[in-house]
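Asks: The residues making up each chain are set out below.
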Amino acid sequence: MILTGVLLVVLGLGLVGWFAARARARLLYAGRGSMHSMPGYHGWHMALWVLVPALLAWTAWSAIMPGLVEGVVMADPAAADLPADEMHRAAILAEASTLAADPSATAFDRQSQALAEPMRAAQTRFAAIGALLVLIIALAGGGYGFTRVRAGFPARTHVERAILGLLLAASLMAILTTFGIVASLLFEAGLFFKDVSPIAFLTGTHWAPGNARGTDIDGAFGAVPLFWGTIYIGAIIAMLVAIPLGLMSAIYLTQYASGAVRKWFKPMLEILAGVPTVVYGYFAALTVAPIIRDFAESMGMPNPSTESALAAGLVMGVMIIPFVSSMADDALAAVPRAMSDGSLALGATKSETIKKVLLPAALPGIVAGVMLAISRAIGETMIVVMAAGASAQLSANPFASMTTVTYQIVQMLTGDQEFNSPKTLSAFALGLVLFVVTLILNIIALRVVKRFREAYE
Amino acid sequence: MSNLNWNSPEIVKRLARRHAAERRFKLLGLGAIALSLGFLALLLVMMMRNGVGGLDWRFLSGSDSTDPSVAGIWGAAKGSLLTMLVTLLLSFPMGVLAAIYLEEFAPRARWIEWVEVSINNLAAVPSIIFGLLGLAVFINTLNMPRSSPLVGGLTLALMTMPVIVISGRNAIKAVPPSIRNAALAVGASKVQTVFHHVLPLALPGILTGTIIGMARALGETAPLLMIGMRAFVVTPPSGITDPSSVLPMQIFLWSDEIDKAFVRNTSAAIIVLLVFLLAMNGLAIYLRNKFEVRW
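Heads up: the protein sequence lines correspond to chains E and X, in order.
Heads up: the first sequence at position 170 corresponds to 170 in our numbering, and the numbers run straight through without jumps.
Take the position in the second sequence, starting the count at 1, then add 1000; the result is the number in our numbering.
Where hints are given, some of them may not hold.
Claimed, not checked - Now the stretches of chain X that chain E is said to cover, found in silico as 3 or more residues with beta-carbon under 8 Å: (1) 1066 to 1078; (2) 1125 to 1136; (3) 1164 to 1178; (4) 1234 to 1245.
As the list claims (entries may be wrong) - With a straight-line Cα cutoff of 35 Å, these simulated DSBU-like cross-link-like pairs (lysine-lysine) come out: (5) E:423 - X:1260; (6) E:350 - X:1260; (7) E:266 - X:1026; (8) E:356 - E:266; (9) E:450 - E:263; (10) E:356 - X:1026; (11) E:263 - E:356; (12) X:1173 - E:263; (13) E:263 - E:355; (14) X:1290 - E:450; (15) E:266 - E:450; (16) E:266 - X:1173; (17) E:350 - E:266; (18) X:1290 - E:266; (19) E:263 - X:1026; (20) X:1190 - E:355; (21) X:1013 - E:350; (22) E:450 - X:1013; (23) E:450 - X:1173; (24) X:1013 - E:355; (25) E:263 - X:1290; (26) E:450 - X:1260; (27) X:1013 - E:356; (28) X:1013 - X:1026.
Since the hints were made in silico from the structure, they are not lab data.
Positions of the beta carbon are idealized from the N, C-alpha and C atoms, including for glycine.
Start from the sequences, fold in the hints, and give me the full structure.
Replies: If you want it as structure tokens, here you go:
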């Protein structure tokens, strides 16, 4: 409570500092008529000196305070008979902490009740010390900042340097995120590969984590059926839908359609890309899958399942159409006008020009677009979760239920099991494979696109 | 070749064949578009037919329940609202600042290339991977509250930031150098030039990109599944640390119910979600058309 309050006080002090320094700079300016920086910059300079050190101190204190409090509480006589078990002790302390904040909360443990009072006393004491420290730092920073308000002081340069630092920090966030992804996937997958050999994981053909235990743990985590299902649904069925439809739409819109038609149809096509995947998943499960099952039944297939690779793949393909279409659009637009003009001038019809000149010239760009589309399709989750099914099998039958990498990640992590079992950790290993594969696809595709654009520029 | 007779039956037939092929090709293109849009229309019609009957005040103001006739979406909608708030407050400033740095100030250096490569790749990383990151970092390492809009918003912010950076860079790049030169010529510093002149002109473009990124985050389900936002929440969350659900997650949970009456709820929730998304995208298009300047 006190610590939150002091934060508001510090912000108020910053505001006061801003006004004070600006007013002083204005007075100086009125007296001299020339200064290095505008009064507003002096205000900002002062506010930064109040806020930045104080906020850093506040953050640091918030981080170390729980440790200090725990140290004092553990020294209390009431803590002498706490269990030695780390987990159990932490639970009791957490409960005591809740009790200290809110005495009306229900306690399940007698010990935590006894600890609540010392806990509250220690918390209040350390919070007060911290608040005092932060206030002193804020005032000291402010005092120093105020003495710097002089005519010749380059306040603007200092403030701009701080702004540049902020900009730099924001752009480093991207690297930090990438690093966070790689580190967390590698770390958790590393724990998984301590139990299961990577070779068995990548080449095994039997996936049954449900009954994985004891010595035969390697045999239960063979991920090949998942890879096959992912490729079959995302890279084969979905692309059989998305490539012809997307490419032909792009050709029609760029080569044949009049301006008005293009203006209406292109955004309408893009709505397809904006529909949330959970909606597609529901549509696949509710409408498409029963149609496909009935069709399979009429073809004489015994007991076809409601969940099928075909239903998920078809709907996923439709979702990808606008993506393929806009990539093909870009690739076609990058081909120099002179090439198609030359073909038309020799008497070729428009479709002959497209098939014999435009498409071959745009092929690298289109292939790169398809690679990006595949990387998007294999990472797609909700459609397969809702329509593809759970059975891990190596089958080429599109009417069969089939599972994918993303489906299994969801399956492994949404149950109620303990976190560090091989079953939950396998999700991170699957995530790592997915991340690496999509990364490679993206890097290759982006490089191809870049080289392709350069070739025609 | 000089005595080619254009009226000979052979040539006439050949030309007719080529023109027929031309028409077929054009029809094929039109058919592809019609098929795609027909699919979209079928999807919308199905949702309308199943869901419109379920849209009433009780549905819009209620929370989740095991009884389909009293279950509503306000709890999930409020969860979505709080989550989007966290996402926006984090990803917008971060994204804009990063875009400014990369476009206006970044030196030509190796590590800047790393930043660019990682931003472009992050924009294409499957969303479920961000969910794994959120689970491993925010929940298991930093012990933040599971199922809360705080963790959901943080995870989606990391996902949305690259989108904002990329669209922000394009918007900043589109501001002509003459604007910068004019400001610099009358004595503005580089920072003043960017913040007083370039940024206001680029803002409509940045906002358009931000809205599109937020719309994508609003419809996202998979990463939130990873961080446990699939709890059955009967009371709407009152803060960003309370357990909550979000609209797409509510759709997913209801779609799993065996009770047939939930079909109507699911479709009605989908209609609500689509209306929100359409409104956001419409706003983005409006902004783009209204403020876009052709230099």
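Asks: For every hint, state whether the structure bears it out.
Replies: Outcome of the hint check:
no.	hint	result
1	1066 to 1078	violated (count 0)
2	1125 to 1136	holds (count 10)
3	1164 to 1178	violated (count 1)
4	1234 to 1245	violated (count 0)
5	E:423 - X:1260	33 Å, holds
6	E:350 - X:1260	53 Å, violated
7	E:266 - X:1026	17 Å, holds
8	E:356 - E:266	25 Å, holds
9	E:450 - E:263	28 Å, holds
10	E:356 - X:1026	15 Å, holds
11	E:263 - E:356	27 Å, holds
12	X:1173 - E:263	25 Å, holds
13	E:263 - E:355	25 Å, holds
14	X:1290 - E:450	32 Å, holds
15	E:266 - E:450	25 Å, holds
16	E:266 - X:1173	25 Å, holds
17	E:350 - E:266	21 Å, holds
18	X:1290 - E:266	19 Å, holds
19	E:263 - X:1026	18 Å, holds
20	X:1190 - E:355	51 Å, violated
21	X:1013 - E:350	18 Å, holds
22	E:450 - X:1013	44 Å, violated
23	E:450 - X:1173	18 Å, holds
24	X:1013 - E:355	21 Å, holds
25	E:263 - X:1290	17 Å, holds
26	E:450 - X:1260	51 Å, violated
27	X:1013 - E:356	22 Å, holds
28	X:1013 - X:1026	20 Å, holds
The structure does not agree with the numbered hints 1, 3, 4, 6, 20, 22, 26 stated previously, though it agrees with the rest.
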